[in-house]
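Chemist: The lines below spell out each chain.
Protein chains: 2
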Amino acid sequence: MNKTKIFILLLLSLALITCSVQEDKTNQHNFGIVIHGGAGSMEKANYTAKQITVYEKKLNEAIETGYSILDKGGSSIEAVEQTIVVLENSPLFNAGKGAVFTSNGLNELDAAIMDGSNLNAGTVAGITTVKNPIKLARAVMENSKHVMMIGDGAEKFAKKQNIEIVEPNYFYTEERWKILQRIKENETNKDESYLNKYSDYKFGTVGCVALDKNGNLAAGTSTGGMTNKKYGRVGDVPIIGAGTYANNYTCALSATGHGEFFIRNVVTHDISALMEYKNLSLEEATKEVVMNKLVKQKGAGGVIGIDKAGNITMTFNTNGMFRGFKTNDGNSTVKIFKD
Amino acid sequence: MNKTKIFILLLLSLALITCSVQEDKTNQHNFGIVIHGGAGSMEKANYTAKQITVYEKKLNEAIETGYSILDKGGSSIEAVEQTIVVLENSPLFNAGKGAVFTSNGLNELDAAIMDGSNLNAGTVAGITTVKNPIKLARAVMENSKHVMMIGDGAEKFAKKQNIEIVEPNYFYTEERWKILQRIKENETNKDESYLNKYSDYKFGTVGCVALDKNGNLAAGTSTGGMTNKKYGRVGDVPIIGAGTYANNYTCALSATGHGEFFIRNVVTHDISALMEYKNLSLEEATKEVVMNKLVKQKGAGGVIGIDKAGNITMTFNTNGMFRGFKTNDGNSTVKIFKD
Numbered sequence: 001m002n003k004t005k006i007f008i009l010l011l012l013s014l015a016l017i018t019c020s021v022q023e024d025k026t027n028q029h030n031f032g033i034v035i036h037g038g039a040g041s042m043e044k045a046n047y048t049a050k051q052i053t054v055y056e057k058k059l060n061e062a063i064e065t066g067y068s069i070l071d072k073g074g075s076s077i078e079a080v081e082q083t084i085v086v087l088e089n090s091p092l093f094n095a096g097k098g099a100v101f102t103s104n105g106l107n108e109l110d111a112a113i114m115d116g117s118n119l120n121a122g123t124v125a126g127i128t129t130v131k132n133p134i135k136l137a138r139a140v141m142e143n144s145k146h147v148m149m150i151g152d153g154a155e156k157f158a159k160k161q162n163i164e165i166v167e168p169n170y171f172y173t174e175e176r177w178k179i180l181q182r183i184k185e186n187e188t189n190k191d192e193s194y195l196n197k198y199s200d201y202k203f204g205t206v207g208c209v210a211l212d213k214n215g216n217l218a219a220g221t222s223t224g225g226m227t228n229k230k231y232g233r234v235g236d237v238p239i240i241g242a243g244t245y246a247n248n249y250t251c252a253l254s255a256t257g258h259g260e261f262f263i264r265n266v267v268t269h270d271i272s273a274l275m276e277y278k279n280l281s282l283e284e285a286t287k288e289v290v291m292n293k294l295v296k297q298k299g300a301g302g303v304i305g306i307d308k309a310g311n312i313t314m315t316f317n318t319n320g321m322f323r324g325f326k327t328n329d330g331n332s333t334v335k336i337f338k339d
Numbered sequence: 001m002n003k004t005k006i007f008i009l010l011l012l013s014l015a016l017i018t019c020s021v022q023e024d025k026t027n028q029h030n031f032g033i034v035i036h037g038g039a040g041s042m043e044k045a046n047y048t049a050k051q052i053t054v055y056e057k058k059l060n061e062a063i064e065t066g067y068s069i070l071d072k073g074g075s076s077i078e079a080v081e082q083t084i085v086v087l088e089n090s091p092l093f094n095a096g097k098g099a100v101f102t103s104n105g106l107n108e109l110d111a112a113i114m115d116g117s118n119l120n121a122g123t124v125a126g127i128t129t130v131k132n133p134i135k136l137a138r139a140v141m142e143n144s145k146h147v148m149m150i151g152d153g154a155e156k157f158a159k160k161q162n163i164e165i166v167e168p169n170y171f172y173t174e175e176r177w178k179i180l181q182r183i184k185e186n187e188t189n190k191d192e193s194y195l196n197k198y199s200d201y202k203f204g205t206v207g208c209v210a211l212d213k214n215g216n217l218a219a220g221t222s223t224g225g226m227t228n229k230k231y232g233r234v235g236d237v238p239i240i241g242a243g244t245y246a247n248n249y250t251c252a253l254s255a256t257g258h259g260e261f262f263i264r265n266v267v268t269h270d271i272s273a274l275m276e277y278k279n280l281s282l283e284e285a286t287k288e289v290v291m292n293k294l295v296k297q298k299g300a301g302g303v304i305g306i307d308k309a310g311n312i313t314m315t316f317n318t319n320g321m322f323r324g325f326k327t328n329d330g331n332s333t334v335k336i337f338k339d
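Line order of the protein sequences matches chains A and B.
In terms of our numbering, the first sequence opens at residue 1 and continues consecutively.
In terms of our numbering, the second sequence opens at residue 1 and continues consecutively.
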């Protein structure tokens with residue numbers, strides 16, 4: 001072998017090493033998590049410093065739960081589920097333990113989860129005895145051929161899946177009960193929306209979106225619905241493409257707000273479609289839908305999102321949204337009110 | 001006034017007349033109606049000539065019902081509702097009277113309607129005693145602040161709205177009952193999908209889309225779900241953006257097929273988004289979603305649609321789809337099998 005051949009071989013080896021290093025780099029995905037605990041017309045003046053601290057602490061706990069899973073190489077689905085469990089187990093938010101009461105004095109819970117890597121999804125609506133609806137949504141996604149289950153049928157499936165069942169009084173919280181009584185007392189037209197009557201109204205859904213180290217996106221949302229709701233009303237949360245959507249090709253999204261507007265506008269799929277078909281960024285697409293389309297229709301609420309590159313959004317057209325995020329570049333925040 | 005001036009004035013008058021005639025033309029909207037009675041793997045060899053005639057007669061009756069409303073200047077919403085009532089009242093299709101049986105031997109019905117002029121929508125799921133679910137969906141849209149109602153709550157609302165309630169045995173048909181028994185006998189894994197087991201399986205949803213003389217689009221869909229379904233499963237029909245969608249800006253769409261795939265792919269909103277954001281025609285957008293995206297995922301089914309100009313589509317990736325249309329240009333057809 002002459003010197004020229006050796007030189008060529010050396011060059012080829014160097015090229016191969018460079019290629020494999022570059023491949024490693026593209027395999028190193030950013031990762032991160034974004035959460036919300038509901039949007040609404042909350043004013044800073046109505047909260048004590050202590051209350052704010054309590055909310056911020058719980059939001060931080062939820063974020064750290066999910067981030068820690070992602071940091072250890074866990075899946076975005078696992079991070080989304082476990083983060084939402086923290087929020088569902090807290091009485092602070094309108095989901096799980098803190099669910100608001102229906103007109104009949106019951107708690108009817110809805111939840112959804114979606115895996116952006118394969119578009120698989122699981123959703124449940126109108127359930128009354130499952131401690132963590134997000135766990136049931138994941139079981140529907142992973143252990144059934146179906147996407148959506150409702151009411152008694154969904155509860156039967158929960159039992160079969162050994163998902164924790166609680167007595168209905170588990171969901172009793174004095175604060176939510178008082179809110180129902182206050183709304184009922186003020187009810188003039190029994191079918192009228194009460195949204196404009198209460199200046200401190202909160203859409204208390206919780207949600208989480210995550211991007212894991214493998215580049216997989218996931219989204220989840222869980223809610224106790226609207227106080228004083230009637231007739232088995234279901235909002236946008238368990239509607240794939242409305243309150244919850246994830247697609248590795250674009251982004252993962254979770255919404256909170258006046259659900260009817262989010263269903264009619266197919267809000268989360270519309271954001272994804274604006275990214276896919278019009279090449280808008282996550283921030284541009286979310287602003288177009290939440291701050292333009294929804295505002296024109298007076299549809300109040302917000303959306304959190306994370307895209308395949310790890311960019312995040314927390315966009316809302318209300319006065320506030322319980323929210324926070326943490327990404328692997330060291331950025332993190334927890335906020336409640338407008339900046 | 002010299003001859004040149006008179007000539008110019010004459011030219012201007014002629015231009016004005018031409019403009020106003022053109023304006024009149026753009027105000028004269030096309031109108032039309034498209035229906036489906038479900039897609040599936042039906043083979044012509046399995047149907048007698050008499051059976052085919054019975055199906056074609058009922059499909060024609062439904063089309064004429066809706067077309068006649070549109071021809072008299074009625075709204076697309078009214079045409080969609082009344083057309084679907086004809087199909088719901090027939091035992092031939094899996095909706096209303098002809099609904100298939102759940103695993104428990106019950107009939108759980110879902111329906112949705114959407115008004116493309118204002119994005120208002122009404123949907124119901126898991127109802128068991130309402131004769132015409134499409135009427136209840138319209139009542140939810142027009143007489144409540146909500147979009148979606150499920151189960152007992154939805155039935156209570158139906159009673160309040162004086163919508164016709166029937167005894168559960170109204171939905172008993174011997175043919176559907178036999179199909180349930182046959183599937184149950186052949187059930188090996190109780191949770192396994194039976195879709196691939198029966199070569200003559202039909203997704204027997206019914207649907208209708210219409211464009212009226214005022215240029216307003218509407219879509220509606222109604223179904224008895226899947227034979228032997230369990231756990232309160234809900235398919236794509238009552239999910240706005242999945243089985244049903246209408247938007248005056250683009251088109252009106254109704255789907256039939258393996259609902260889970262239609263939910264995960266937010267099929268009808270995706271078609272609308274491809275038209276709005278990528279300027280695809282109705283036919284191009286529907287083909288991209290039904291014949292490309294869904295086929296890649298083995299998601300069986302079809303979609304009917306009409307756009308704001310009156311163009312129509314009846315696209316399916318199965319062997320057949322009960323379908324038909326009639327437009328004001330004199331075109332009409334009723335078909336069952338592939339061309």
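Incorrect hints may appear among the rest.
To be verified - From the derived model, a few chain A residues whose C-beta atoms are all more than 12 Å from chain B: (1) 148; (2) 150; (3) 183; (4) 331.
What the hints assert, rightly or not - Now the in silico label distances, taken between C-beta atoms and shown as ranges: (5) 331(A) - 293(B): 53 to 59 Å; (6) 43(B) - 281(A): 47 to 53 Å; (7) 311(A) - 45(B): 54 to 60 Å; (8) 298(A) - 143(B): 26 to 32 Å; (9) 296(B) - 29(A): 21 to 27 Å; (10) 297(B) - 51(A): 34 to 40 Å; (11) 297(B) - 164(A): 29 to 35 Å; (12) 311(A) - 293(B): 21 to 27 Å; (13) 172(B) - 164(A): 53 to 59 Å.
These are computed hints drawn from the structure, not numbers from a lab.
Just so you know, even glycine gets a beta-carbon here, dropped at the ideal spot from N, CA and C.
Chemist: Each hint needs a verdict: does it hold in this structure or not?
Modeler: We went through each hint and held it up to the structure:
{"no.": "1", "hint": "148", "in the structure": "violated (4 Å)"}
{"no.": "2", "hint": "150", "in the structure": "violated (4 Å)"}
{"no.": "3", "hint": "183", "in the structure": "holds (14 Å)"}
{"no.": "4", "hint": "331", "in the structure": "holds (31 Å)"}
{"no.": "5", "hint": "331(A) - 293(B): 53 to 59 Å", "in the structure": "violated (35 Å)"}
{"no.": "6", "hint": "43(B) - 281(A): 47 to 53 Å", "in the structure": "holds (49 Å)"}
{"no.": "7", "hint": "311(A) - 45(B): 54 to 60 Å", "in the structure": "holds (55 Å)"}
{"no.": "8", "hint": "298(A) - 143(B): 26 to 32 Å", "in the structure": "violated (20 Å)"}
{"no.": "9", "hint": "296(B) - 29(A): 21 to 27 Å", "in the structure": "holds (24 Å)"}
{"no.": "10", "hint": "297(B) - 51(A): 34 to 40 Å", "in the structure": "violated (47 Å)"}
{"no.": "11", "hint": "297(B) - 164(A): 29 to 35 Å", "in the structure": "holds (33 Å)"}
{"no.": "12", "hint": "311(A) - 293(B): 21 to 27 Å", "in the structure": "holds (25 Å)"}
{"no.": "13", "hint": "172(B) - 164(A): 53 to 59 Å", "in the structure": "violated (38 Å)"}
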